[in-house]
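Given the coordinates of chain D, work out where chain R should sit on it, guided by the hints.
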Amino acid sequence: MADTSATSAFVEFERVQKSYDGENLVVKDLNLSMPKGEFLTMLGPSGSGKTTCLMMLAGFETATHGDIRLDGKSINNIPPHKRGIGMVFQNYALFPHMTVAENLAFPLEVRKIGKSVREQKVKTALDRVQMGDFGGRRPAQLSGGQQQRVALARALVFEPELVLMDEPLGALDKQLRETLQFEITHLAHELGITVVYVTHDQTEALTMSDRVAVFENGRIQQLAPPDQLYEEPENSFVAQFIGENNTLEGVVKEIKGGTCLVQLDGGGMIEAKPINVTQAGERTRVSIRPERVEFNKDRMPEGAHTLKAEVLEFVYMGDIFRTRLRVAGTDNFIIKTRNAPDQVRLQPGQQIEIGWLAEDCRALDA
Amino acid sequence: MSDTVDATNIPGEKSGPMLAADGTPLKRSLRRALRRQKMSALLLIAPLLIFILITFIAPIADMLFRSVENEIVQDTLPRTTAILETWDSESGNVPDTPVFKALYQDIFIAQERKLHTRLGSRLNYELTGASSLFRKSGRGVGDIGEVYQDQFEDMNAFWKKGENWNDILGSDAWLAEIKSWKKASGQAQPPFEIRAQIAEILPQTAAFYQIFADFTQNEKNSNLYKKDPWELIYSAFYDDLTGANAARIDTYTGPGAAELSEAKAAAANFETVDYKAAFGDIDKDWLKMPIWDTIRAYSPRFTNGYFLNAVDMQKSENGPELRPENQRIYATLFLRTLFMSTVITLSCILLGYPVGWILANLPARTANLLMILVLLPFWTSLLVRTSAWKVMLQQQGVVNDTLVWLGIVADDSRLALINNQTGTIIAMTHILLPFMILPLYSVMQTIPPSYLRAAKSLGATNWTAFWRVYFPQSVPGIGAGSILVFILSIGYYITPEIVGGTTGTFISNRIAYHISSSLNWGLAAALGAILLAVVLGLYYAYDKIVGIDNVKLGG
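From first to last, the protein sequence lines stand for chains D and R.
Using this note's numbering, read the first sequence as starting at 2 and increasing by one per residue.
Using this note's numbering, read the second sequence as starting at 919 and increasing by one per residue.
For reference, chain R alone in the conformation it holds in the complex:
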């Protein structure tokens, strides 16, 4: 048989791959035909997909990421955490002076940027008191730097003025630009450039001045040339003048060379700062172990600390361990959430099944009318319904009044129906009931009455016919309703918040608390992630035991 493609050949008669009428392989032309369909399908769902991705999936992913993200410690204390890595925390001794010096530099920059309080709040989740410690230290670091600043300024007023500093540290090209620059011109300030020679002989001063310059130019938006430097610059300057490179200062020939030499000579006799003692003066806690253990434990960019916290554990020298009994709350909350969701789901089944059955067996007109009653709550605000329960259930409320009036309950022992678990269960059963009735109804509607008749004609009593024939066929409806109600209730927030009091609240209330009040978003994210995992796990178990194909929302 020839290999040439002949369009008039009947494709099926050729050996080898099946060909379409035009000679292309059938598979390829089928793929091409289907690709158009796939593309148009994709285009049709694209708007919703993009909308969901941007507004829903991405924020959730970002939120979940926060449960392990821990960059704030390393970002705020980069030098400290770097040196701390070599610190032997098991020695029982607080770190040495170099660490305190790095801490001084980090906190100084952080307090200029107002970031130190944020770090304080973050560490306060792990160590009570960290927040005030950092706030105090932020105020205190200025005094540490002033020691050197005062000595330099006393020696020569030259070091007081920002212009002089810039003349020495800035490159010639930059100096020319900055001097002709006017703030009023509206043009961007020329970015600071270090003088190459200075960067070599005064490396620490250059590095910190660069940070100071960036901060002044970009965050403060003030003219760097006129700005007097931070206290921190003076301490770095002192370090450079007394450090290993000090000998090369005399080779410097640029502006202010004379003042520099003078400063170098004077610095050798300056009073020095004991950083460790200085921090000890700010707060004695710096000389104790806990804060250092905490900083070290939370130095890495990622942490399991939030998750440990979410399951009532904490980090310690010997790895994760359970928190003291009086600090454990989340396990109880998770279990309570699961337990109450189960109770709510069961009561929804008990109350909803007969209603679904009646609806499915009534003539369509009446069923539709009753269906409106089932749906009515959907048209009422959730808040209104929940508040209504508050009115109904309180000690002087409608239910208690009626019971007392009927003589069932004594006036002095009115039932506590609200601000506890009972209240949450009652209100949430009522609110979630439609989610049980609707799938039950739509499944029951598809069960023909002839099954029950057949069962009875075969000799089954009403109960046997129901239990052996009708009920098994309605199980998919129960399954769908249960999944809906259970998953909705496990993450419910408003109702338990209003009627739950302290014993009837859910884990979601705690998450909301951490999101909006304590601002511990990492812990909130960890709790949320655990909740999500629990729901997915239950969903998986349900699929294994009952089979997700057995869930019907209708038809």
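Next comes chain D alone, as it looks inside the complex:
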């Protein structure tokens, strides 16, 4: 997880702790290292410490303990305005008394860049976010999406190598958010900038990032590329937090080779891949993604352990069907099936048998 040895690291957190009141740690022992050009997302529920980490990096909060390094140099004692880090704020923080162009010119002015160069750069930056015609407007005259674009352009106009974004798309509607997600990633890769992005929206995290750091309770629970995070969660918090997940509780009966047998509390025995269980007798939570569950006897993987299930609810969602089942004592077992021509539509009350591949089923911490 922590890559302390990497000399190529551009941003580094080393054993960083942060406390506001002297009693509770908001950030506990954070170790993180990012190479140049990476798009890293800090994902977590509110109060998990992700924004605090961002603010420490930006210089608005000081670490209680530990070292933050930028390009190999410790920045603990450098004030924010000398760090040269671009930042996009949650509510954009566009200066309301300045026009869009003045907003963009502000970071260049304080760097004492000449007027002609300044104007050229402002124009380039606005064109880059398709806002070239809006230079004379005030922020209040722009829509949310346009303000967001301007905020992005302002954070990039002085060509910082590192850009921080604090839930920049939180206030926008879904469609606009998706468009801008694409634009931001595109822009970041095109310019080769390093981005630290904070969000609590897991879809945003998965679609945009090179790597995602899942925060909970002041710690990084898992730091991995999106696909790995989704398919191979390392603990039950990550499994629950990322995507939809079915959880079955039980006791490990036997660990053998790459699999283990789990006796479920609600009855039944299943085969799972042991992740953080080490010996028989341990309690575990078994995690299985809804789309990896099979109920069609013809397609059932060979040798799969099956469980009896009763259909409780069938929801038509367009591209997929979402069916809620009662399995092994829980009423909240979800399966998702693709809306294909040959797909079976289950009826409430129907009795079925479900099964899955042992490697899709991960036995995690209880």
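Just so you know, these hints were derived from the structure itself, not from any lab.
Possibly wrong hints are sitting among the right ones.
[Claimed, not checked] Which chain R residues stay away from chain D? Per the calculated CB distances, all over 10 Å, these:
1) Met1310
2) Ile1326
3) Ile1344
4) Leu1456
[Stated by the list, open to error] On the chain R side, residues computed to face chain D include the following (Cβ under 8 Å):
5) Met1362
6) Pro1366
7) Ser1368
8) Tyr1369
9) Arg1371
10) Ala1372
11) Lys1374
12) Ser1375
13) Gly1377
14) Thr1379
15) Thr1382
16) Pro1390
17) Gln1391
18) Pro1394
All values derive from a computational prediction rather than experimental measurement.
Backbone N, C-alpha and C define an ideal beta-carbon position, used for all residues, glycine too.
Using the frame of chain D, we list chain R on its own:
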């Protein structure tokens, strides 16, 4: 398309005006729907509106009206001012006898009603000495009238008695009523009616007797029939008997016809009165120009005299002119008021801005606690706070004692901190500070801290971030606070009165002086009107320069 209204038609599909579902034009039914709302809104504000109109707007309007109102001269000296209109004031000669005669009649009536001293005080604002002149003349006019009274009474005692006068002058119907009327009955006295024939042959006597009758019956509430007439009646009687209508007296046939004829015959040989000389005997000032110029200048019902006075000018033959240098005070006072209000506003900004900033940036709990400290002065009486400053600032006061003790100031050169401008500025800055802090705080509270952070992340130093980003957004708060403090201080009265001494007082202190001490309400109203105009003018200028939309008291 047919013109008949069909309720089932979809209104929008018809050509012409849009119709509501019931066929009435949409605009009308919308107006009807809105009228109810407007009416109920009006009803809700009505109690306050009426209260303000009656207790606030109306008295202020009345007060402002006094700044131009000048009816007292014409009301008290109606005959004099009427004749004076034809007087050529530039001739340099005092008016002729007819004017003095009219003056005698006016002052006689005025002194009976005790109005002449009031007119004297009014004219005294414009001409020093007018007050005593009128008081003296009020006492003197009785003697002028007695000349004729004595001669008539000496000739025939008949003219002594009020009953005889009434018998001649009153109509028969009235005489019957008044004779049966008893004061004890509680009924109203029958109003005097002149005998028609007498009104024709003795017009002046009739006119003045009517005034005498009204005054006796309505203001004195005594029985007119028993009342002996004024001296003034005798002089009018003499004028009638020797005047143009005298020949017709012999045609009179009513009561007392014989006495009337006798009086007419005798009057021709009576000693006459030279009214001009008589007034000259009362006071030589009547034979000089100033009093006549003043009466004439202030004859019209409306005057700009108060306003001229309020800007250190006066009326003269050549139109308005500046007063002599040693009489000019108001321009200085106005300028001083403006200057000191500006200084007070600036010191409030300087002291209040950091406090507002701290309050806005502290956690809510602490901010609320500190806010109580800001509001604390509001819960203390203004008088107490001002008096406290008196204790603090005087020569042997806390501040001076401390400075002397610290050795900063020598004991024999203690600072004069009170009864001057410094005292007023210090005390008023303290008293008005909350009015600056509150709007500043509420505006600053709405400036998210992310703006400052954004500015710093973009490379601005603390100062640049503050000055370029935070300060411009707090300007509406400064604007609102400044307007409040400036307008409050420009009309402030109590504090400058207590700590201002002579050099630290405001125009409002002068207004209060004219309202309560000199009783020159017209001048007070004129000063107040000018003050109001200055404030409105500044408000207008502020709106033009900064824009009144830029003023925020909160949110």
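Worksheet item: With a cut-off of 8 Å, does the beta carbon of Pro1366 (chain R) approach a beta carbon of chain D closely enough for the hint to hold?
Response: It holds, given that the least Cβ distance between Pro1366 (chain R) and chain D is near 7 Å, below 8 Å.
Discussion item. Restraint: Ala1372 (chain R) near chain D, CB-CB cut 8 Å. Satisfied or not?
Written reply: Holds, because the Cβ-Cβ distance from Ala1372 (chain R) to chain D comes to roughly 4 Å (cut-off 8 Å).
Worksheet item: Given Ser1368 (chain R) was flagged as interface, is its beta-carbon under 8 Å from a beta-carbon of chain D?
Response: Cβ of Ser1368 (chain R) sits 4 Å from chain D, so the hint holds.
Item to complete: Tell me if Thr1382 (chain R) is really an interface residue toward chain D, meaning its C-beta lies closer than 8 Å to one of theirs.
Response: With Cβ-Cβ at 6 Å, under 8 Å, it holds.
Worksheet item: With d taken as the least Cβ-Cβ distance between Ile1344 (chain R) and chain D, does d exceed 10 Å?
Response: Label holds. Min Cβ-Cβ 35 Å, cutoff 10 Å.
Worksheet item: Against chain D, with CB atoms and a cut of 8 Å, does the hint on Met1362 (chain R) hold up?
Response: Violated: closest Cβ of chain D sits about 14 Å from Met1362 (chain R), beyond 8 Å.
Discussion item. Would the hint on Gln1391 (chain R) be counted as holding, given a Cβ-Cβ threshold of 8 Å to chain D?
Written reply: 6 Å, holds
Worksheet item: Hint check: is the beta carbon of Arg1371 (chain R) less than 8 Å from a beta carbon of chain D?
Response: Check passed: Cβ of Arg1371 (chain R) comes within 5 Å of chain D, closer than 8 Å.
Fill in: Separation of Ile1326 (chain R) from chain D, once the least beta-carbon distance is taken, above 10 Å
Given that every Cβ of chain D is farther than 10 Å from that of Ile1326 (chain R), nearest at about 39 Å, it holds.
Worksheet entry | Assertion that Met1310 (chain R) lies outside the chain D interface [Cβ separation over 10 Å] | Consistent with the label, Met1310 (chain R) stays out of reach of chain D, its closest Cβ about 41 Å off (over 10 Å).
Fill in: chain D contact restraint on Pro1394 (chain R) - CB to CB distance below 8 Å
Violated. Min distance 10 Å.
Worksheet item: At a threshold of 8 Å, is the proposed contact between Pro1390 (chain R) and chain D supported by beta-carbon distances?
Response: Since the shortest Cβ distance to chain D is 5 Å, the answer is holds.
Violated hints for the displayed structure, listed by number in ascending order: 5, 18.
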